[in-house]
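Novice: Listed here are the chains, written in short residue letters.
There are 2 protein chains.
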Amino acid sequence: MNLDKIYPLVQALGGTPSRRPPWWLMRQAGRYLPEYRALRAQAETFVEFCLTPELAAEATLQPVRRFGMDAAILFSDILLVPYALGQHVGFDGNGPVLDAIGAGDLRRLDNGSLLRLEPVFETVRRCRTRLPTDVALIGFAGAPWTVATYMVEGGPSKDFRNVKEWAYRDPQGFAELIGVIERLTTEFLCAQIEAGVDAVQLFDSWAGALPEREFAQWVIEPTRRIVAAVKQRFAACPVIGFPRGAGALYERYVEETDVDAVSIDTAVPLGFACERLQKRVVVQGNLDPVLLLVGGKAMAAAVREIRRRLGGGAFVFNLGHGVLPQTPPEHVAELARILAEPTDASA
Amino acid sequence: MNLDKIYPLVQALGGTPSRRPPWWLMRQAGRYLPEYRALRAQAETFVEFCLTPELAAEATLQPVRRFGMDAAILFSDILLVPYALGQHVGFDGNGPVLDAIGAGDLRRLDNGSLLRLEPVFETVRRCRTRLPTDVALIGFAGAPWTVATYMVEGGPSKDFRNVKEWAYRDPQGFAELIGVIERLTTEFLCAQIEAGVDAVQLFDSWAGALPEREFAQWVIEPTRRIVAAVKQRFAACPVIGFPRGAGALYERYVEETDVDAVSIDTAVPLGFACERLQKRVVVQGNLDPVLLLVGGKAMAAAVREIRRRLGGGAFVFNLGHGVLPQTPPEHVAELARILAEPTDASA
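Residue numbers (our numbering), protein chains in the order written: chain A, 39 to 385; chain S, 39 to 385.
In case anyone wonders, no lab produced these hints; they're calculated from the structure. Some hints could be false.
Copies of the same chain look alike in the list, so a pair counts if it fits in one copy or across any two.
To be verified - With a straight-line cut-off of 20 Å between C-alpha atoms, the simulated DMTMM-like cross-links for lysine to aspartate or glutamate are: (1) LYS335 with GLU203; (2) LYS317 with GLU294; (3) LYS196 with ASP130; (4) LYS335 with ASP208; (5) LYS269 with GLU225; (6) LYS269 with ASP296; (7) LYS335 with GLU368; (8) LYS269 with GLU293; (9) LYS335 with GLU372; (10) LYS335 with GLU379.
Could you put the whole structure together from the sequences, leaning on the hints where they help?
Specialist: This is how it looks when you write it as structure tokens:
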């Protein structure tokens, strides 16, 4: 474990405000980098790529080498958990494709198979060894609700009809599915920490699809239990939650889950983040990924505004969502320069 | 005009709380009704269907006849405005398909062509004549930001990359596009009111995709100007705004746009709606459409909860989004029965 808090990012996640905000970007490793595209060509399927330590470690390190972020995020995918549970996981041009499951398939899921994810821990070890000591390594997993949406819908969904239908009609059966995902996710995160990650993030990309009651039941509760279980074993490891699209419910999320930091999407107003979230947790976010794609003055103004409004408290700079594949890499370099400006220039 | 407020819905929209909340459902006319599917088969394209008064009026009236809602919503589409501006608008299985426009196409748009929408006003007249006098008729249009997303993306989008890129790179040019949409939308709504609708709703389905600054610029400002222009001509006509997904920004939206009522999506917490929105405007919403599809006890409990939490103030019952095509019509009948219960039973 590397929990001695020598990394600016881990310090920030511990609640220490810093002169210059630490930064990293969701999907900072990925298709917008030519060196990633070359690397990706070396594996046939995306799952195979994620589970080949040599390739996944290199993908993890590429953006840090180029741009000097304060953290690397493990190159992996939130659908590795369904894969480990024995579900078929493929990817086509439109996103992931899974063989959708229903209540009758619960017993067929392979509950204990962290073994299938063993290569991920080898990737973590390789990354930690090769990363500079001032760069943190972030592990992650999908939060149970979001993972369940993919498992039940069989891919992305507009209306989440099937997964919500299950949850509304048969909350006990659905709670079993959430429980299966939750237990493997907890083990998966703990094993990542054991292998060397310095913080973990839970991605709940579809948290915004639920009414408050179900948000409490399927987003907050499983997250709270995972956070508690991880903290019981690794008290000092920061946990970042990202309930994307949660709107006004971000407040309840940070109050009830015990996450150390919250990643906020682009639509979260900075005043709300400062007044209602940052008093309780570290805030991470929230530049519009399209502004990174656009670059120039529009990006610079927005970056400085985010930094001015949130930089006074514990803060990690990030996007509100992942880097878009069409993003020119030189805009990320420009972002790094802006974030390196002394605080006075950002006012 | 029918602005004498004899309709329960219009009374509610005027801020008068009622013993039994008035109700209607977004997409209450549509594919879940067998009589709609039979009617739809009588026109080749969807635009043609919308622009044939005999068919569109019948589609508008069908759900009211079956379920007795307090309002009919004009059967129409938010993409009739791009159609009137001269853009090609088609529909395939995945939704609308438009010939995407960019900055260079602004001059080619036909600014003044409300004539192309003349059949819509005939539909309004037929509906108003045939509707019972205690049933209100609601007209609508897409809000400029949402309409612009379709015009620039050429259809639905996950990341709104093209439309945001234009807005960020060239805010003046993009403001011209918004202005063109805004002017025609204002005229379109006023002509609907003139023809007989009793209230209008502005659908801003993709309001939740924007950071606060751009939300103010492209959602709040055009909406505020449209509301002001409509009110100048029809002071008594209630305007309902629906900035779907606006999260914490719903509050600023109701403070700054001068809408009479706000329609809230499923993710808006009832406490937030009651404390922060309902003090200022009428609140309309927000049952999860999947609960209408599921029906039974889960639906009944959620309906009673919404009514209990919001029924004390000015309130119109609705969904948080449109009726799903897979919804059994008998669940809508069941909803009508629950909403007809005296208030005591709903506690």
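Novice: Taking the numbered hints from earlier one at a time, note which ones the structure violates and give those numbers from smallest to largest.
Specialist: none
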